[in-house]
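Peer 1: Please build the complete structure, drawing on both the sequences and the hints.
Numbering-wise (UniProt numbering), the sequence shown opens with residue 1 and increments by one.
None of the hints are false.
Quick list of the computed label-pair ranges, beta carbon to beta carbon:
| # | residue 1 | residue 2 | range |
| --- | --- | --- | --- |
| 1 | Ser174 | Glu225 | 29 to 39 Å |
| 2 | Leu8 | Ala105 | 39 to 49 Å |
| 3 | Val219 | Glu193 | 13 to 23 Å |
| 4 | Gln296 | Thr267 | 16 to 26 Å |
| 5 | Gln296 | Asp230 | 47 to 57 Å |
| 6 | Pro211 | Ala80 | 25 to 35 Å |
| 7 | Gln130 | Glu78 | 13 to 23 Å |
| 8 | Thr112 | Asp223 | 48 to 58 Å |
| 9 | Arg286 | Ala306 | 23 to 33 Å |
Keeping only pairs whose Cα atoms sit at most 30 Å apart, straight-line, the calculated DSS-like set for lysine-lysine is:
| # | residue 1 | residue 2 |
| --- | --- | --- |
| 10 | Lys49 | Lys71 |
| 11 | Lys229 | Lys194 |
| 12 | Lys310 | Lys263 |
| 13 | Lys176 | Lys229 |
| 14 | Lys299 | Lys310 |
| 15 | Lys176 | Lys194 |
| 16 | Lys310 | Lys176 |
| 17 | Lys110 | Lys49 |
| 18 | Lys263 | Lys176 |
| 19 | Lys17 | Lys7 |
| 20 | Lys263 | Lys299 |
No wet-lab data here; the hints were simulated from the structure.
Ideal Cβ placement from N, Cα and C applies to all residues, glycine included.
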Amino acid sequence: IAARQAKLETSYSDLVKECNRRRTQLVDAGRYHRFVRQVDDLSDWLHEKEHLASSEDYGRDLEDCVQLTEKFETVVRELAAAGERVAAVQRSQEELLRSGHPYAASIRAKGTDLQSLWTSVNEAATERQQALAGARQVHRFDQEADETLNWLQDKEATGVAMENEDLAHADLASIKVQMQRHEEFVHGMRAVEKQVAELCREAERLWTAFPNTREHLEVRKMDMEEQLKDILEGTRRHHERLQQMESLQAYFQEYRELMQWMKRMQTVMTSEQLPRDVVGCEALARRHDEYNLEMQGRKPHIDEFARQGKHMIQGGHVLSQEINEKVWLNEHPLLY
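Peer 2: Right, dumping it as structure tokens:
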């Protein structure tokens, strides 16, 4: 009986030990699986955020980009709030490791993977924030470039209309009006030139900060510069044409004044009756000497008038034929 009693007690003791061992295993397994579930849930959530942070969608325009930025700011705030969840997992990991958990290697590996994922997601989020900030600047540049190109197109249309105006028969007063309009146009172009220069500098700054945008920005920069160059070239041609027409009208005005003088001289010389005595003849001769002196005094002016006319003809002036008709004054018999 005593032997059986001892055997029974031994068996019971072994059973208790086995139960305790099993209980410990179950507790450890429960703690381990809770930790794994905690890590897996958080990892799944972080992978979702990583996918959002890895997006390369920067919007079609500035408004679209602003909306994407605002949405991603929500993701950033969620990540910031998730820091406490990651810290809680780390505390659980440390507690399990301190307790000498039999699955320590697996727990440590899961914790390391989670920490690596957490770091990766935050880095991706930071990069996404920076990329969206850059895209927002580029979209803003594109918007301003589009507005400037529209402005340039309006200026170009105005410049072409001014350049195509028929000035062949415009008088000096009309030319003066056109010159005033041209000056106003040039004054308005200064603001456009300043805007283009500022945008070109901004394009260079942006592609220095964001090298992958260089090709796009160089095209936009070139579009603005070439259109501005065309407008300025047209403006220069129009100004030269106006100056040419202004000089021509001044030339024609001088012609009219010379013609009036010549007619006056001719009238004076031909209206006097021939005298019938010596005294009268001498007086008339003296007057004619005075007329001759006046005409000789005018001769350098007439020569210069003819020289200017020939110079304009040689320059291919649009009204060369009309100018040539005026140059005959240089050979008019009245001048000699």
